[in-house]
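K.L.:
Protein chains in written order, with the working numbering: chain V, 1 to 617; chain D, 1001 to 1306.
Fair warning: there could be bad hints in the mix.
[To be verified] Derived EDC-like pairs: lysine to aspartate or glutamate, alpha-carbon spacing no greater than 20 Å straight-line: (1) V:LYS387 <-> D:GLU1091; (2) V:LYS550 <-> D:ASP1218; (3) V:LYS167 <-> V:ASP196; (4) V:LYS381 <-> D:GLU1126; (5) V:LYS205 <-> V:GLU169; (6) D:LYS1099 <-> V:GLU201; (7) V:LYS168 <-> V:ASP114; (8) D:LYS1084 <-> V:GLU532; (9) V:LYS167 <-> V:GLU201; (10) D:LYS1084 <-> V:GLU377; (11) D:LYS1039 <-> D:GLU1057; (12) D:LYS1099 <-> V:ASP147; (13) V:LYS388 <-> D:ASP1113; (14) D:LYS1099 <-> V:GLU373; (15) D:LYS1099 <-> V:GLU377; (16) V:LYS455 <-> D:GLU1127; (17) D:LYS1008 <-> V:ASP451; (18) V:LYS381 <-> D:ASP1113; (19) V:LYS387 <-> V:GLU419; (20) V:LYS220 <-> V:GLU271.
[What the hints assert, rightly or not] Some residues of chain V that are not near chain D, with every Cβ distance over 10 Å (derived): (21) LEU133; (22) GLU169; (23) SER172; (24) VAL209; (25) GLY456; (26) LEU458; (27) ALA502; (28) SER535.
Read the hints as simulated data drawn from the structure, not as lab findings.
We put the beta carbon where it would ideally sit given N, CA and C, even for glycine.
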Amino acid sequence: MNHYSGLKNVLIAFFLLLSALYALPNIFGSDLAVQVSSAGDKKVTASDLTKITSILKSKGVNYKSAAISNRRILVRFTDNASQLSAKDYLKTALGRHFVVALNLAPSVPLWLADLGGKAMSLGLDLRGGVHFLLEVDMHSVLAMSIDRYYNELRALLRTERLYKSIKKEGDSIAIRLKMLDSKAKVLKIINSELSDLVVLETQNKDPLVIQVGISDNAQKQAKNNALKQNITTLRNRVNELGVAEPIIQQQGLERIVVQLPGVQDTARAKEILGAVATLEFRLVDEKNDPQTAIQSGRIPIGSKLYYFKDGRPLLLKTRVITTGENITGAASGIDQENSAPMVNITLDNIGGRAMLDTTKKYFRHRMAVVFIENKVESIIKNGKVTKKRTTTKDIINAATIQGTFSTRFQITGIDSAREARNLALLLRAGSLSAPIEIIEERTIGPSLGADNIEKGILSVVIGFVLVLLFMAMRYRVFGMVANVALTLNLVMIVAVLSLLQATLTLPGIAGIVLTVGMAVDANVLIFERIKEELSTDNNIQKAISSGYDKAVLTIADANITTLIAALVLFSFGTGPIKGFAITLSIGIVTSMFTAIIVSRAIVNKIYGSKKIQELSI
Amino acid sequence: MKVLNIPKIDFVGKRTYAIFASVILIVASLFSLSTNGLKFGIDFTGGTLLEIGYSQEVDLAVVRATLSKANFKSANVQYFGSTKEILIRLEPQAISSAKLSSKIIRLLGDSVDIRRVEFVGPKVGEELTNDGGLAMLYALIGILIYVAFRFEYRFALGSISALIHDVIITLGIFSILQVEFDLTVLAAILAVIGYSLNDTIVVFDRIRENFLSTRHTDAAKIINGALNQTLSRTIMTSVTTLLVLLALFFLGGEIIHSFALALLIGVVVGTYSSIYVASSMILALGISKEDLLPSEKEEQAVDNRP
């Protein structure tokens, strides 16, 4: 007789029910929502929630529900129009301490959510969005470090007049001594004061020259700091853009992955993320004429030549009054007098003091705002990839100082309202510590995402139905058992994907489709084996049990090898391939459970305890 | 007792024809791969790709003219799926940057639907190519070790030669048809490796079982018997897999098209190779019953102890 113990049956039923429960959240669909979260690390509170609901009520926007979940407030809507208007109202009313973003919120019932039920998380290719891979220009990071060490070293050695000359040579510093006697002293200073520097072995045999570079450790540290700081800045910028559920992650030693689900204006996202921009405030050199300086080729000492965006030249003083680093706040707006776009700037105390001193002293003189942008681009030259670094410095405005001011003032002379918005955003979010370059972009528009879901689901369903029909025709009752197992397998895959919150991508769906085709293999193996056993032995019960037993080892061997291929895919693959590998691996494991254990339990129930003459196989 | 009709096809006897066919296919594949090469997608070559949707039919000549006027002369424009959708491809430019796509979008105007933008920098493309090759290699090595450990080295060599056979022919067909080879196709090829292996292992398992359960020593006969016994399963599984792949191929959308194609080719070739290539290989390597009885030596070692 073939039967499983009561406990085994209960366990199987328990697993299947559990799977059904955790697959359940996926059938509820999702609501249009606006998500409000704190821009910093603060949590949103109940009072924020009341504030939001009262704003919406006062503006007459209808919403379905509003609640705090997962450190954020989700306000759900029934239609697109109220969602969009609510976002705009909330954004203006709440200010910059909150991130207001559009989102799709799965409408999982509360009891299910309390049990940890979550819907599968959809990849960018299914919901639309942007994926960027950014590379931090580590060359610039090291160049900046060398600059800093050079200044420190020079200051240290100058007090005792220990060098004849000191200069930067690529990524090292060369110190030429006056006499050999001071060498020990210089080395001692470097060792004790600047332990990040190491003395390099050089080809230069001149005993008077000491060549120092940055130690490997310090280089690593500098790179790591630059990466971390850039991640922080990017996070600030993404918050400013207002994106629900962004992902900003380090990848490797010099790269950052940014994923922005649902972002539609990708051009803006690109401008904002990649920009390494800052401002400098300088006085205008009013004594000298820029045209004569250009013609004679002689720039007056203490001045430097700059250009407006339209190409007009202007001489500015080399001394910088203050820079973007001292800016604590920036908001775009429209100038009341001439309705030109402008940016309202707020400086910190240091910047404010410098600005106050300057505006007092140089009242009625002209001051210029310089916009500085660093760019890195990859260039292919003779088949080799190199980086091209460019810095542009444009004067965006030069105006006469009309009164004294310190921490608060406006900048005008900006081309468009869009540029004013971008500039304000960049100044608020802080500048990147090193230039970054977008080295990979994958954007999926919302319409393609929706198409992909539709086509993916359709192909799963059609493929699934075809397999069901085929199995039922070929193996009759046993075929139906396999079909039940296959259906349960699909439920289990969805449950595991939901529980792990693994990202479902289009190739992931393909993986599910493939699993459906391959999962029946285990049952086919078993059924063919049972048929064979039946042809050599009359005992039906024995045929069933030895059919299962003999097939199991084969199934395990065959599936483990496929699993090896899937795991290799997982460890080497990026985004889409990973998604495929995940569903394939999960499918292989769950299919072994359903095709072997679950189908056996069903077969046992049907045939196990009866005396039967024939199997419907 | 129900009589089961186990077919008695002489697979092993026909193996010379099969080897001949395989050699021709492989030579043709290698020839095409070395002359035509693969049509690599931007995942591997780097470059920019845009999929644009229009609300009505669009004239490719107009789009091409707009682009070439703005100095995008190397742009390749074609329909994608329907005449309302186009695919624009840019080779890696002298200056390669994600901004190129924004420029093109601005050129095409506001009314278009930006369905997909992909930009792969030259360095990334190079890395993906290397990683892809490595992934293939590691998968093969991992499988080789597992099969050698579970069966015997001849089986490992047999299954690996079947896999290499499958991969070369699938790649060869991609090269002959000049279908685009991108990351998803690479994933499909690795899945083909998994599938073909699955098939081979089932046959091998049966060969081992039969070797151990009979007194016959004629390896060719035993292998042929195992192939016939598993034939029904081999066909069933291939058919179900092909059914879902056809669903994917016809309904899954353009993006998944070449992925499904690679799997379709791979499943057909993989099924054939597990019948003909893998078993011919172990036969050629001279498998015998003794090779599959590792425990005997151990027993002897125990017996020989004083």
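K.L.:
Each hint should be assessed against the structure and marked as holding or not.
P.N.:
For each hint, the structure was consulted:
With a C-alpha separation of about 18 Å, the suggested pairing of LYS387 (chain V) with GLU1091 (chain D) holds against the 20 Å cut-off. At roughly 24 Å between alpha-carbon atoms, LYS550 (chain V) and ASP1218 (chain D) are farther apart than 20 Å, so this suggested pair is violated. Taking the CA atoms of LYS167 (chain V) and ASP196 (chain V), the gap is near 18 Å; set against the 20 Å cutoff, the hint holds. Proximity of LYS381 (chain V) to GLU1126 (chain D) is assessed by CA-CA distance (about 15 Å); at most 20 Å being required, the pair is judged to hold.
At roughly 16 Å between alpha-carbon atoms, LYS205 (chain V) and GLU169 (chain V) fall within 20 Å of each other, so this suggested pair holds. Taken as a hint, the LYS1099 (chain D) and GLU201 (chain V) pair is broken in the structure, with Cα atoms around 43 Å apart against an allowance of 20 Å. In summary, the hint linking LYS168 (chain V) to ASP114 (chain V) is not supported, as the alpha carbons are separated by about 62 Å, beyond the 20 Å threshold. The suggested pairing of LYS1084 (chain D) with GLU532 (chain V) is violated, with an alpha-carbon distance near 55 Å, which exceeds 20 Å.
Restraint check: the Cα-Cα separation between LYS167 (chain V) and GLU201 (chain V) comes to about 17 Å, which is no more than 20 Å; the hinted pair holds. About 34 Å separates the Cα atoms of LYS1084 (chain D) and GLU377 (chain V), which puts this hinted pair outside 20 Å; it is violated. Between the alpha carbons of LYS1039 (chain D) and GLU1057 (chain D) the distance comes to roughly 28 Å, so the proposed pair goes past 20 Å and is violated. For the proposed pair LYS1099 (chain D) and ASP147 (chain V), the alpha carbon gap of about 31 Å is over 20 Å, so the pair is violated.
With a C-alpha separation of about 33 Å, the suggested pairing of LYS388 (chain V) with ASP1113 (chain D) is violated against the 20 Å cut-off. Only pairs whose Cα atoms come within 20 Å are accepted, and LYS1099 (chain D) paired with GLU373 (chain V) is accepted, the gap being roughly 15 Å. Restraint check for LYS1099 (chain D) and GLU377 (chain V): satisfied, since their Cα atoms lie roughly 10 Å apart, inside the 20 Å limit. As the CA atoms of LYS455 (chain V) and GLU1127 (chain D) are separated by approximately 31 Å, the hinted pair breaks the 20 Å bound.
For the given pair, LYS1008 (chain D) sits about 49 Å from ASP451 (chain V) by alpha-carbon distance, which is inconsistent with the 20 Å threshold. For the proposed pair LYS381 (chain V) and ASP1113 (chain D), the alpha carbon gap of about 34 Å is over 20 Å, so the pair is violated. Under the criterion of a C-alpha separation no larger than 20 Å, the hint pairing LYS387 (chain V) with GLU419 (chain V) is inconsistent with the structure, at around 27 Å. Only pairs whose Cα atoms come within 20 Å are accepted, and LYS220 (chain V) paired with GLU271 (chain V) is rejected, the gap being roughly 29 Å.
Not every C-beta of chain D lies more than 10 Å from that of LEU133 (chain V), the closest at about 7 Å, which undercuts listing it as non-interface. The Cβ of GLU169 (chain V) lies farther than 10 Å from every Cβ of chain D, with a closest approach of about 27 Å, so its non-interface assignment holds. The claim that SER172 (chain V) is not at the interface with chain D holds, since no C-beta of that chain comes within 10 Å of its own (minimum 26 Å). Residue-level check passed: VAL209 (chain V) sits 36 Å from the nearest beta carbon of chain D, beyond 10 Å.
Not every CB of chain D is more than 10 Å from the CB of GLY456 (chain V) (nearest about 7 Å), against its label as outside the interface. In this structure LEU458 (chain V) is not separated from chain D by more than 10 Å, as the shortest Cβ-Cβ distance comes to only about 5 Å. Every CB of chain D lies more than 10 Å from the CB of ALA502 (chain V), the least distance being 16 Å, so the non-interface label holds. Under the 10 Å C-beta cut-off, the non-interface status given to SER535 (chain V) relative to chain D is violated; the minimum distance is some 4 Å.
Figure legend: structure checked against the earlier numbered hints; hints not met, in rising order: 2, 6, 7, 8, 10, 11, 12, 13, 16, 17, 18, 19, 20, 21, 25, 26 and 28.
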